[in-house]
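Chemist: Sequence:
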Amino acid sequence: MSKSLRLSEKWFRRGLWLVALVFASFLIGLGGTVVGDLPKVETPLALDDFLDRPAAQALRAQVKEARQAEQDAQTALEQAQLQRNKARSESAAERETFNNWLAARSVTQRAEHDPEVLARTRALDALKQAERSTQKAEEQQQQAALDARQ
Numbered sequence: 829m830s831k832s833l834r835l836s837e838k839w840f841r842r843g844l845w846l847v848a849l850v851f852a853s854f855l856i857g858l859g860g861t862v863v864g865d866l867p868k869v870e871t872p873l874a875l876d877d878f879l880d881r882p883a884a885q886a887l888r889a890q891v892k893e894a895r896q897a898e899q900d901a902q903t904a905l906e907q908a909q910l911q912r913n914k915a916r917s918e919s920a921a922e923r924e925t926f927n928n929w930l931a932a933r934s935v936t937q938r939a940e941h942d943p944e945v946l947a948r949t950r951a952l953d954a955l956k957q958a959e960r961s962t963q964k965a966e967e968q969q970q971q972a973a974l975d976a977r978q
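To convert, count from 1 in the sequence shown and add 828; that's my numbering.
Source of the hints: derived by calculation from the structure; they are not laboratory data.
None of the values given here were measured: they were computed from a predicted structure.
Zero decoy hints are in this set.
Simulated pairs of lysine-lysine, DSSO-like, Cα-Cα distance not exceeding 30 Å:
(1) LYS964 to LYS914
(2) LYS914 to LYS956
(3) LYS964 to LYS892
Label-pair ranges, simulated between beta-carbon atoms:
(4) ALA920 to GLN978: 33 to 41 Å
(5) GLY860 to ASP880: 37 to 45 Å
(6) ALA889 to ASN928: 53 to 61 Å
(7) SER917 to ASP877: 51 to 59 Å
(8) ASP900 to ARG960: 22 to 30 Å
(9) LYS892 to SER853: 53 to 61 Å
(10) ASP880 to ASP975: 25 to 33 Å
(11) ASP975 to VAL863: 53 to 61 Å
(12) ASP975 to LEU952: 28 to 36 Å
(13) GLY859 to LEU887: 42 to 50 Å
(14) THR903 to LEU952: 26 to 34 Å
(15) LEU887 to PHE854: 48 to 56 Å
(16) GLN907 to GLN978: 17 to 25 Å
For every residue, glycine included, the Cβ atom is placed at its ideal position computed from N, Cα and C.
Produce the entire structure from the sequences given, and follow the hints as far as they go.
Modeler: This is the structure in structure tokens:
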């Protein structure tokens, strides 16, 4: 009889261990659910929560203005580059025409064309001056774009 009592005692202890394991798994699951729901209880902190709102808004406005100024400067620079390219192509075309005309004049050696040579030279100088002024405007726009980026 003592053996059977011992056997029942062993089974009773095994049953208690089984109950303890079931209870432990229940507690682990409950703890996981509680911890999993914690982020829903509070709002998560963001970077804006630690900033001074009026100062941050003022700085954001400054950044927006700086970006707009940079974009405006870039647009003006592109326009200046287009104008310079236009002046450069006009100057090159006029120079080519002038060189062709000079070649034809040197072949004919006619003195009555001298005033026309001077007039064409002045026109070519005026185009070159216009090209220089557009180059200067482009350089100023490049400086403005650089200042806006910095």
